[in-house]
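These protein sequence lines are chains A and B, in that order.
Quick note on the working numbering: the first sequence kicks off at 1 and runs consecutively.
Quick note on the working numbering: the second sequence kicks off at 1 and runs consecutively.
Hints may be right or wrong, so weigh each one.
What the simulated footprint calls covered on chain B by chain A, stretch by stretch (three residues with Cβ under 8 Å from a Cβ of chain A suffice, anywhere in the stretch; the number is not a length) [as the list claims (entries may be wrong)]:
#	region
1	42-54
2	61-70
3	73-82
4	100-114
Over the 10 Å line for every Cβ pair with chain B, so calculated as not near, a few chain A residues [said to hold, decoys possible]:
#	residue
5	LEU188
6	VAL202
7	VAL218
8	TYR247
With a cut-off of at most 20 Å between alpha-carbon atoms, the simulated SDA-like pairs for lysine to any residue come out as follows [unchecked claim]:
#	chain 1	residue 1	chain 2	residue 2
9	B	LYS73	B	ARG147
10	A	LYS201	A	ASP222
11	B	LYS123	A	MET90
12	A	LYS252	B	ASP57
13	B	LYS126	B	GLY87
14	B	LYS171	B	SER210
15	A	LYS252	B	ALA16
16	B	LYS126	A	ALA18
17	B	LYS73	B	ASP113
18	A	LYS251	B	HIS64
19	A	LYS251	B	THR54
20	A	LYS200	A	PRO220
21	B	LYS124	A	MET90
22	B	LYS124	B	GLU110
23	B	LYS123	B	ARG107
24	B	LYS73	B	GLN176
25	B	LYS73	B	GLU110
26	B	LYS123	B	GLN82
27	B	LYS69	A	GLY102
28	A	LYS252	B	THR42
29	A	LYS200	A	PRO228
30	B	LYS126	A	ILE14
31	A	LYS252	B	GLY12
32	A	LYS252	B	LEU50
33	A	LYS200	A	ILE234
34	B	LYS124	A	SER87
35	B	LYS124	A	VAL17
36	A	LYS252	B	VAL58
37	B	LYS126	A	VAL21
38	B	LYS73	A	LEU7
39	B	LYS123	A	ILE14
40	B	LYS69	A	PRO99
The set of hints was computed from the structure by calculation and includes no laboratory data.
Bear in mind that the values here come from a model prediction, so they are computed numbers and not experimental data.
Just so you know, even glycine gets a beta-carbon here, dropped at the ideal spot from N, CA and C.
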Amino acid sequence: MAATQVLRSEWTKIRSVASTVWTLSLATLVTVALGLLISIVSNNEFDNMSRNDRLTFDPTFISFAGMTLGQLAMIVFGVLVVGNEYSTGMIRTSLSAVPQRGTFLFSKVAVAAALALAVGMITSFVTFFVGQAALGTHRASISDPGVLRAVIGGGLYMTLITVFSMGVAAMLRSPMLSLGILMPFFFLISNILGAVSATKKVGRYLPDQAGSRILRVVTPLDDTPYGPWGGLGIMLLWVAAALIGGYALLKKRDA
Amino acid sequence: MIELEGLTKRYGEKVAVNNLTFTVRPGIVTGFLGPNGAGKSTTMRMMLGLDRPTAGDVRIDGQHYDRLKDPLKYIGALLDAQAMHGGRSAFNHLLCLAQSNGIPRARVDEVLDTVGLTAVARKKAKGFSLGMGQRLGIAGALLGDPRILMFDEPVNGLDPEGIHWIRNLMKTLASQGRTVFVSSHLMSEMALTADHLVVIGQGRLLADTSMAEFIRRNSRSYVRVRSPQRERLLDVLKGAGITVVQTGSGALEVDDGQPERIGELAAQHQLVLHELSPQQASLEEAFMRLTAESVEYHAHTEAPGPGLAAVPPVSPVPPVPPAGTDPAPRWGGDWKKG
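Using the sequences provided together with the hints, build the complete structure.
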């Protein structure tokens with residue numbers, strides 16, 4: 001079984017369902033629109049900010065504010081790509097055609113990740129430039145130190161959150177269950193754990209908290225023990241763990 | 001050719017498939033028969049490598065399924081017509097399957113034409129009727145032009161025209177020298193299509209025989225005779241060396257009897273006959289008797305429900321059971337106790 005055949009097949013699968021188009025376009029739209037809105041608000045409120053806030057003002061990170069919501073659409077995309085195989089029963093047809101389960105899963109992940117990377121990069125660059133345009137005199141330039149890294153990091157972050165969701169969906173098999181766990185986790189629980197001082201030290205090792213460090217150009221005044229790439233590395237470990245878990249269960253379970 | 005050897009599947013304590021050994025041969029339609037819950041679908045899933053056997057082995061042309069390069073070119077299966085993404089068009093559904101096995105794109109149009117779905121090829125599968133979904137599933141099975149085809153309950157829910165189409169398709173495929181393995185819980189359906197029968201009940205092999213042999217063994221033919229002079233007729237028939245079975249309703253039954261001879265004997269002795277009719281027990285009845293022991297979900301009702309009413313009355317003499325099986329008790333002997 002040639003892997004290129006399976007990659008081509010997975011590409012056909014992904015491009016031939018409507019959910020791909022609406023989840024990915026929603027991710028871009030929400031990220032850019034919300035980023036623009038918060039950039040406008042920040043620009044207007046800048047003079048009312050405390051001295052401390054002005055010193056650590058991070059125009060790049062501000063323009064990425066829409067990603068907290070936009071990532072949810074990426075999660076839906078990742079969950080549906082894998083979970084729909086199970087919810088529709090297609091998985092039995094798919095595994096009859098490609099009985100090598102590792103080839104099947106990793107081809108699917110590779111195709112979806114490549115698409116998520118393309119969409120994530122475009123989203124990240126567009127949201128940066130749109131956001132900076134709205135920030136007026138407080139804007140950052142793409143050539144400023146660390147800014148290009150943060151913008152590329154934004155694309156990588158959206159890709160990794162998608163792949164993480166695919167791993168979780170491969171383990172749980174049900175799209176509803178996967179979304180029911182991932183959506184509140186990334187929208188609420190992770191933020192609460194990261195904000196409450198008692199759980200902060202644990203919360204910052206969660207995939208989104210660690211991974212989103214790469215979106216910052218100005219280092220905030222806290223004692224976070226990792227830098228932008230270290231944070232992305234932690235996120236990468238989570239993604240690897242989810243994929244290994246998904247693969248191990250797919251390999252072991254009856255379809 | 002599909003070879004099963006001691007194939008077993010356990011779910012915890014429950015044994016779904018119990019030590020199945022048989023071979024499905026090319027050039028004929030092999031019917032895979034068993035009541036609901038007998039383990040047919042589980043067996044088929046194991047053949048396709050979807051479920052892992054607890055013990056035993058199944059080989060496709062001598063190889064394990066997951067060792068086949070481009071398996072759709074060896075074996076095509078219709079397990080469940082719903083096993084597809086409803087949001088994908090029929091064409092794209094088949095295209096992604098074709099691509100995964102290196103099958104040229106032109107073949108997709110070919111099989112769509114074969115199953116008569118060309119007109120709706122670009123329509124989403126979720127808008128399809130049951131029959132159209134079944135046809136799309138069959139198109140997927142034919143895609144790789146495989147030597148082996150497997151259909152799980154293909155006529156379920158189809159209209160008469162669809163049923164007719166599938167029957168002819170299976171016969172045509174077998175006549176081309178392919179291996180055709182088709183499951184059903186209806187004996188009457190199998191009698192029309194299958195050349196060979198594999199019968200299972202509660203996961204165990206009950207029969208592995210040619211259709212002709214199964215009919216010969218199981219379709220008991222007899223002559224029913226009723227007469228107001230029953231005792232005298234009995235003596236006459238016994239005197240002529242004819243074995244007679246008395247039934248509760250007062251009729252006499254003569255196994256493999258010739259109505260001409262019985263009528264002539266009665267005339268010779270000036271006996272009045274009210275009935276002289278050749279009878280044939282149905283295959284459905286024979287199948288039910290064979291699997292009676294192993295039916296998992298008996299209808300335990302006081303009065304015979306619709307399911308029971310459909311069963312013809314059981315004759316007092318059970319047919320000769322196929323070789324290798326114990327004589328099964330009478331069907332329905334169980335529910336009366338409940």
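Regarding the pair LYS123 (chain B) and MET90 (chain A), is the alpha-carbon distance no greater than 20 Å? 17 Å, holds
Check the hint pairing LYS200 (chain A) with ILE234 (chain A) against an upper bound of 20 Å on the C-alpha distance. Distance of about 16 Å is within 20 Å: holds.
Satisfaction of hint between GLY87 (chain B) and LYS126 (chain B), Cα-Cα up to 20 Å: 6 Å, holds
Tell me if the straight-line CA distance from LYS73 (chain B) to ASP113 (chain B) falls inside 20 Å. 19 Å, holds
Given the hint that LYS126 (chain B) pairs with ALA18 (chain A), does the C-alpha gap stay at or below 20 Å? Roughly 13 Å between the alpha carbons, so the hint for LYS126 (chain B) and ALA18 (chain A) holds.
Coverage claim, chain A over the region 42-54 of chain B, checked by counting residues with Cβ within 8 Å (three needed): holds (count 6)
Given the hinted pair LYS252 (chain A) and LEU50 (chain B), is their alpha-carbon gap at most 20 Å? 11 Å, holds
If you draw a straight line from the CA of LYS252 (chain A) to the CA of ALA16 (chain B), is it 20 Å or shorter? Distance of about 19 Å is within 20 Å: holds.
With the threshold set at 20 Å, check whether the alpha-carbon distance from LYS126 (chain B) to VAL21 (chain A) stays at or below it. Distance ~19 Å between LYS126 (chain B) and VAL21 (chain A) Cα, so the pair holds.
Taking only the CA atoms, is the gap from LYS201 (chain A) to ASP222 (chain A) under or equal to 20 Å? 11 Å, holds
Would you say VAL218 (chain A) is clear of chain B, with no C-beta pair closer than or equal to 10 Å? The assertion about VAL218 (chain A) holds, with a minimum of 44 Å to chain B.
Test the statement that VAL202 (chain A) is away from the interface with chain B: the closest C-beta pair must be farther apart than 10 Å. Non-interface label on VAL202 (chain A) holds, nearest chain B Cβ at 38 Å vs cutoff 10 Å.
No hint from the list above goes unmet by this structure.
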